[in-house]
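Asker: Listed here are the chains, written in short residue letters.
Number of protein chains: 2
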Amino acid sequence: MSSERLYLYDTTLRDGQQTQGVQFSTAEKVRIAEALDALGVDYIEGGWPGANPTDSAFFDASPETRARLTAFGMTKRAGRSADNDEVLAAVMNAGTGTVCLVGKTHDYHVHHALGVALEENTENVRASIAHVVAQGREALFDAEHFFDGYRDNPDYALEVCRAALEAGARWIVLCDTNGGTLAGEVGRIVGEVIAAGIPGDRLGIHTHNDTEQAVAGSLAAVEAGARQIQGTLNGLGERCGNANLTSLIPTLLLKERYAERFETGVSLEALAGLTRTSRMLDEILNRVPMKQAPYVGASAFAHKAGLHASAILKDPATYEHVDPATVGNTRIIPMSNQAGQSNLRNRLAEAGLEVEPGDPALGRILERVKARETEGYSYDTAQASFELLAREELGRLPEFFEVKRYKVTIERRKNKRNRMVSLSEAVVVVKVDGEKRLSVSESFDELGEDRGPVNALARALAKDLGQYSGLLADMRLVDFKVRITQGGTEAVTRVIIDSEDGKGRRWSTVGVSANIVDASFEALTDAIKWKLIRDCGAPHGRNGV
Amino acid sequence: MSSERLYLYDTTLRDGQQTQGVQFSTAEKVRIAEALDALGVDYIEGGWPGANPTDSAFFDASPETRARLTAFGMTKRAGRSADNDEVLAAVMNAGTGTVCLVGKTHDYHVHHALGVALEENTENVRASIAHVVAQGREALFDAEHFFDGYRDNPDYALEVCRAALEAGARWIVLCDTNGGTLAGEVGRIVGEVIAAGIPGDRLGIHTHNDTEQAVAGSLAAVEAGARQIQGTLNGLGERCGNANLTSLIPTLLLKERYAERFETGVSLEALAGLTRTSRMLDEILNRVPMKQAPYVGASAFAHKAGLHASAILKDPATYEHVDPATVGNTRIIPMSNQAGQSNLRNRLAEAGLEVEPGDPALGRILERVKARETEGYSYDTAQASFELLAREELGRLPEFFEVKRYKVTIERRKNKRNRMVSLSEAVVVVKVDGEKRLSVSESFDELGEDRGPVNALARALAKDLGQYSGLLADMRLVDFKVRITQGGTEAVTRVIIDSEDGKGRRWSTVGVSANIVDASFEALTDAIKWKLIRDCGAPHGRNGV
Numbered sequence: 004m005s006s007e008r009l010y011l012y013d014t015t016l017r018d019g020q021q022t023q024g025v026q027f028s029t030a031e032k033v034r035i036a037e038a039l040d041a042l043g044v045d046y047i048e049g050g051w052p053g054a055n056p057t058d059s060a061f062f063d064a065s066p067e068t069r070a071r072l073t074a075f076g077m078t079k080r081a082g083r084s085a086d087n088d089e090v091l092a093a094v095m096n097a098g099t100g101t102v103c104l105v106g107k108t109h110d111y112h113v114h115h116a117l118g119v120a121l122e123e124n125t126e127n128v129r130a131s132i133a134h135v136v137a138q139g140r141e142a143l144f145d146a147e148h149f150f151d152g153y154r155d156n157p158d159y160a161l162e163v164c165r166a167a168l169e170a171g172a173r174w175i176v177l178c179d180t181n182g183g184t185l186a187g188e189v190g191r192i193v194g195e196v197i198a199a200g201i202p203g204d205r206l207g208i209h210t211h212n213d214t215e216q217a218v219a220g221s222l223a224a225v226e227a228g229a230r231q232i233q234g235t236l237n238g239l240g241e242r243c244g245n246a247n248l249t250s251l252i253p254t255l256l257l258k259e260r261y262a263e264r265f266e267t268g269v270s271l272e273a274l275a276g277l278t279r280t281s282r283m284l285d286e287i288l289n290r291v292p293m294k295q296a297p298y299v300g301a302s303a304f305a306h307k308a309g310l311h312a313s314a315i316l317k318d319p320a321t322y323e324h325v326d327p328a329t330v331g332n333t334r335i336i337p338m339s340n341q342a343g344q345s346n347l348r349n350r351l352a353e354a355g356l357e358v359e360p361g362d363p364a365l366g367r368i369l370e371r372v373k374a375r376e377t378e379g380y381s382y383d384t385a386q387a388s389f390e391l392l393a394r395e396e397l398g399r400l401p402e403f404f405e406v407k408r409y410k411v412t413i414e415r416r417k418n419k420r421n422r423m424v425s426l427s428e429a430v431v432v433v434k435v436d437g438e439k440r441l442s443v444s445e446s447f448d449e450l451g452e453d454r455g456p457v458n459a460l461a462r463a464l465a466k467d468l469g470q471y472s473g474l475l476a477d478m479r480l481v482d483f484k485v486r487i488t489q490g491g492t493e494a495v496t497r498v499i500i501d502s503e504d505g506k507g508r509r510w511s512t513v514g515v516s517a518n519i520v521d522a523s524f525e526a527l528t529d530a531i532k533w534k535l536i537r538d539c540g541a542p543h544g545r546n547g548v
Numbered sequence: 004m005s006s007e008r009l010y011l012y013d014t015t016l017r018d019g020q021q022t023q024g025v026q027f028s029t030a031e032k033v034r035i036a037e038a039l040d041a042l043g044v045d046y047i048e049g050g051w052p053g054a055n056p057t058d059s060a061f062f063d064a065s066p067e068t069r070a071r072l073t074a075f076g077m078t079k080r081a082g083r084s085a086d087n088d089e090v091l092a093a094v095m096n097a098g099t100g101t102v103c104l105v106g107k108t109h110d111y112h113v114h115h116a117l118g119v120a121l122e123e124n125t126e127n128v129r130a131s132i133a134h135v136v137a138q139g140r141e142a143l144f145d146a147e148h149f150f151d152g153y154r155d156n157p158d159y160a161l162e163v164c165r166a167a168l169e170a171g172a173r174w175i176v177l178c179d180t181n182g183g184t185l186a187g188e189v190g191r192i193v194g195e196v197i198a199a200g201i202p203g204d205r206l207g208i209h210t211h212n213d214t215e216q217a218v219a220g221s222l223a224a225v226e227a228g229a230r231q232i233q234g235t236l237n238g239l240g241e242r243c244g245n246a247n248l249t250s251l252i253p254t255l256l257l258k259e260r261y262a263e264r265f266e267t268g269v270s271l272e273a274l275a276g277l278t279r280t281s282r283m284l285d286e287i288l289n290r291v292p293m294k295q296a297p298y299v300g301a302s303a304f305a306h307k308a309g310l311h312a313s314a315i316l317k318d319p320a321t322y323e324h325v326d327p328a329t330v331g332n333t334r335i336i337p338m339s340n341q342a343g344q345s346n347l348r349n350r351l352a353e354a355g356l357e358v359e360p361g362d363p364a365l366g367r368i369l370e371r372v373k374a375r376e377t378e379g380y381s382y383d384t385a386q387a388s389f390e391l392l393a394r395e396e397l398g399r400l401p402e403f404f405e406v407k408r409y410k411v412t413i414e415r416r417k418n419k420r421n422r423m424v425s426l427s428e429a430v431v432v433v434k435v436d437g438e439k440r441l442s443v444s445e446s447f448d449e450l451g452e453d454r455g456p457v458n459a460l461a462r463a464l465a466k467d468l469g470q471y472s473g474l475l476a477d478m479r480l481v482d483f484k485v486r487i488t489q490g491g492t493e494a495v496t497r498v499i500i501d502s503e504d505g506k507g508r509r510w511s512t513v514g515v516s517a518n519i520v521d522a523s524f525e526a527l528t529d530a531i532k533w534k535l536i537r538d539c540g541a542p543h544g545r546n547g548v
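So the sequence lines, in the order shown, correspond to chains A and B.
Residue 4 is where the first sequence starts when you use my numbering, and the numbers rise one by one after that.
Residue 4 is where the second sequence starts when you use my numbering, and the numbers rise one by one after that.
Think of the hints as simulated: they come from the structure by calculation, not from any bench.
Just so you know, same-sequence chains aren't split out, so a pair can sit in one copy or run between any two.
Keeping only pairs whose Cα atoms sit at most 30 Å apart, straight-line, the calculated DSS-like set for lysine-lysine is:
1. Lys466 - Lys434
2. Lys407 - Lys419
3. Lys466 - Lys410
4. Lys307 - Lys294
5. Lys410 - Lys484
Isolated chain A (complex conformation):
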């Protein structure tokens, strides 16, 4: 079956930067542009040169890309020629081969925001596009508020688009600027626009997620005949975000309906890097990746329901719409009180613990997980604590050390300079290889500032563990999560600690107590034990096998 070309236009660096709290540096823009190019999008909109200093700097420093680098701007203002509009000149001066200009197509905005006559606005659009084309550039026209405008005055909205087309625009992009248009309506209107004489292979679609339909609206436009989609990575963008290319791309490549009809610039090989690209963007933004994100989220292929989890073990297709490997993601079968024995064996195997079906330890492990979940523990994410619990029941947990007691003091008072300061100090008493060891530590960071009781305890505990101390040098706490939960009848504190080490391992442990310091200490000791198992191997301990 012959396929049609469908173009992907990324605006992460421009509309994505309108996300509240997002401001890319030039270096970050370069890194993202390179990732987009590796993914295979057709256009990379880099920003609005002139309007934003970082955007101008990015175009000066822009990398060589296969994708067409595009400068964004607005059509010339009334009362001057395109040549004499310095805002437009700044856009042209970025020197990109492609230029996208936004202009009004909604009569209400022409009257109230611009305050000019309808004909004058049409003429400004025509002259601006003609100016871009005359300089040998590829031109796009972003038809702002097109869908609202079409509803109020379809003739005028179409007239402006036709003017841009006649002036030589390669693409007329229909924008649902306010994001309020329903997906079905987007499809219907795009169909009417094509029927009114603007060819589908000259039409793009630009939606926003204000009714959670940006992806569906983009697909509806494609069904109706549009052949360019504008969107952003991870659905970044003004207010609720733009159409999410991270969801759209796998749908276009993996779903038969689109895979058979269309060709895009994204290969199946590149698609397998999608999860990594998505996480990289979150890392640049210092955001926690959205677990529930379609295709690329950590939970996207997590099977919690017991019935689902056991069927998945027989055949993944039973509860998965696509293979997680196609987008570079992985399947997760978390431990929870809804899981069965087969699920459990699978989980143990992942931790390197092979257990025969029917082993009575399996039942004991499930019972203990259940009992501890009633107390407030959670093993969905705390895989390392789960492994320790299982090892204990299987007789495969070495006793590296025993904590006899600890004491933490937190003091807040004025220092010599009359400033209130805190000091946390911890004493930990452990028994290692039959010998009692006392360690004391204060808590502080590089700047000498107090980091609190958990940090002090972690330092004191790691300070002297005899033969094991050296192994902990490359380990560090990377995250610490606390929630109040119900343990039996009383509220208790659940602490989850994420640790990592120099070998690139990352693991999570859990502790529960009415006392937040106790809960943290439990998670902390679990984290150290797990690390010692990995580095020493289980056989070193006296319960080892």
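Use these hints to put chain B onto chain A, whose structure you have.
Answerer: Just chain B now, with coordinates in the frame of chain A:
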């Protein structure tokens, strides 16, 4: 125009609990059920009694609701009668007026997951639904994997649904269990099901968000004739989540296309509480609310682009698809401008602080909020701390007491019975009415168990505040939330404390520090100060007006 009834079925407490990391307590389930009922959904699916201890406990403790409380379970297993299936019996024993049973409609699953003949499965579904109806309950049939099944073997998928309908099911719910069906396909297939003789007003739709089209798929099903939508608050649910009712409900009520045609159980008054309900669920889950969430997200009406922000000031409709007040949300415009100040004045007025427009304190308050948010503070929910900050800038904050220093000790060791126990002790030194006062307190609950350092500090602080001590007798800490967040370049801890008193007041305060005990103490002192302002009135203090 006469309108048709459209039913909303909430499964936050059942499918929503399949979200990775989510495990509701019974008390939390009750609180969520009450919020759902106040919102006006028609059905509240409470869980699977028998499969999960919390679910069984919830049905025992379930609140009186206008909405129909529904127990979920699966159709009887092969080889036994409905009467003799103890899994089904546990579901019936919950005693709800409505029961929803899930069963197979995809021939592949009947063969491979159940391992029974197709006719036997059909018969199991028929007998199970008949059993529910015979006991005088309203029955729903969740047709699992319906869309995948219909694609592979439409005759069989329809046959099972017809059997359930003939056995008396009020609703046949078409489930896209794996979430891979495109919205357009959902609409087409629902249309074909209706054409095949199953009436639309007996059809429900249950979608998942694996291609980011759960909302669009639900609406496509409604367009095709289905009259019940199943979904969850905030789109919780297995993998990528279920259809998000928090997005669907405002779309159904506010968008002309649906508002004119359909009536739901949700009133416009209840809709104005939607943002609060959504945030409450996040609070229970200790999740950071998703800023970009449609309608209810903090960024949903945030206008960052300069062109947008200035147009919004002239007419909000220029860049907003609906009025944020309709869903109880608020517009956010860069703080520096005029609109930022009028928003601030409204918020101050809510706290009983009338401030004249143009008062220079307004600018100072905005600056300080901005600076503290950079440090990691958040005033979205901590309204009481916000009020204290504003009072300070306005010179209306009495200095009830001053904390000179404090010291907390947490010790964990073996007691006489050789059991590890904890003991937390706090010493607080305050100056009240010019006099220094030392107080010491241990931490413990009714059972004499240690409750940790924050509890000890709260006790010591409240123990002796001179003339104010009596006023604090009816105050108690009801919740304590901790998040690790970014303060400048370092990770810091943000603590939010919810307090309430005997007069039915409930208020939230915030503290931020690298030391979790410091952060808690700051939130704690804010909580006490706010209470004293309410009970003494501001004029008592030396900065009072």
